[in-house]
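Produce the entire structure from the sequences given, and follow the hints as far as they go.
In the working numbering, the protein residues as written are 3 to 155.
Hints listed in this document are in silico derivations from the structure and should not be mistaken for laboratory results. Keep in mind that the hints are not guaranteed to be accurate.
Claimed, not checked - Here are the computed distance ranges between Cβ atoms for each label pair: (1) I5 - V90: 20 to 26 angstroms; (2) I9 - C61: 44 to 50 angstroms; (3) A68 - N102: 41 to 47 angstroms; (4) G153 - V122: 36 to 42 angstroms; (5) Y78 - A148: 21 to 27 angstroms; (6) C61 - L92: 45 to 51 angstroms; (7) F146 - A60: 44 to 50 angstroms; (8) C39 - I10: 43 to 49 angstroms; (9) C39 - G153: 51 to 57 angstroms; (10) N102 - D34: 39 to 45 angstroms; (11) I29 - C61: 22 to 28 angstroms.
Just so you know, these numbers come straight off a predicted model, no measurement behind them. Note that the Cβ used here is the ideal one computed from N, Cα and C, for glycine as well.
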Amino acid sequence: MDIRKIIIILVIGALFAFFVAALAEAIHESPDYDDYCGEFEKPYMLEEEDVDDAAWQACRESYDSAMEGHNLVVFYVSIIFGLLAIVVGLMLPTHKDDLNQWVGSGFMLGGFFTLFYGTVRAFGDLDRIIRPIILLIELLIVIFVAYKKIGKK
Numbered sequence: 003m004d005i006r007k008i009i010i011i012l013v014i015g016a017l018f019a020f021f022v023a024a025l026a027e028a029i030h031e032s033p034d035y036d037d038y039c040g041e042f043e044k045p046y047m048l049e050e051e052d053v054d055d056a057a058w059q060a061c062r063e064s065y066d067s068a069m070e071g072h073n074l075v076v077f078y079v080s081i082i083f084g085l086l087a088i089v090v091g092l093m094l095p096t097h098k099d100d101l102n103q104w105v106g107s108g109f110m111l112g113g114f115f116t117l118f119y120g121t122v123r124a125f126g127d128l129d130r131i132i133r134p135i136i137l138l139i140e141l142l143i144v145i146f147v148a149y150k151k152i153g154k155k
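See below:
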């Protein structure tokens with residue numbers, strides 16, 4: 003296998019995944035912890051009567067809720083663009099040693115990276131019933147692409 007092909011495929015895949023991550027951040031900016039809980043201070047010992055756990059807990063819950071919403075936006079953007087990249091990779095017309103084959107493989111890899119990234123970002127925020135369904139769908143997509151691309155040979 004030509005090393006140039008491998009490099010092009012990896013670079014397209016990585017750049018596409020970074021593009022989608024940057025796009026998701028541009029669409030919905032991630033929450034800043036300081037906006038919810040104030041500036042981070044160096045830890046120090048408090049007397050037991052000075053501990054106000056309720057205020058810290060409330061700001062942390064607000065921040066976690068905002069981060070959960072952001073992670074879901076990243077998940078949705080990643081799923082849409084990841085699937086789009088996989089479809090583009092599958093649909094590009096190819097001939098043996100054709101540049102479209104390299105680009106298409108790069109888009110498929112980028113689509114898989116993007117699906118993985120979006121799933122990892124939102125996995126903890128998804129419902130426990132939805133998690134295995136999402137993973138099964140993604141596994142079926144990978145198997146479909148394997149049969150569609152590798153099974154042709």
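To see whether the hints hold, each was checked on the structure:
1. A C-beta distance of roughly 24 angstroms is found between I5 and V90, which places it inside the suggested range of 20 to 26 angstroms.
2. Between I9 and C61 the beta carbons are some 46 angstroms apart, a value that agrees with the proposed interval 44 to 50 angstroms.
3. The supplied range of 41 to 47 angstroms is met by A68 and N102, whose beta-carbon atoms lie about 42 angstroms from each other.
4. The beta-carbon spacing between G153 and V122, approximately 28 angstroms, falls outside the hinted interval of 36 to 42 angstroms.
5. The beta-carbon spacing between Y78 and A148, approximately 25 angstroms, falls within the hinted interval of 21 to 27 angstroms.
6. Against the hinted window of 45 to 51 angstroms, the Cβ-Cβ separation of C61 and L92 comes to about 46 angstroms, which satisfies the hint.
7. At roughly 46 angstroms, the beta carbons of F146 and A60 sit within the given window of 44 to 50 angstroms.
8. The hinted range of 43 to 49 angstroms is satisfied by C39 and I10, whose Cβ atoms lie roughly 45 angstroms apart.
9. Range check, C39 to G153: Cβ separation about 52 angstroms, and the 51 to 57 angstroms hint holds.
10. At about 43 angstroms, the beta-carbon gap between N102 and D34 stays in the expected band of 39 to 45 angstroms.
11. For I29 paired with C61, a C-beta distance near 25 angstroms keeps the hint of 22 to 28 angstroms intact.
Against the hints set out earlier in the document, a violation occurs for number 4 only.
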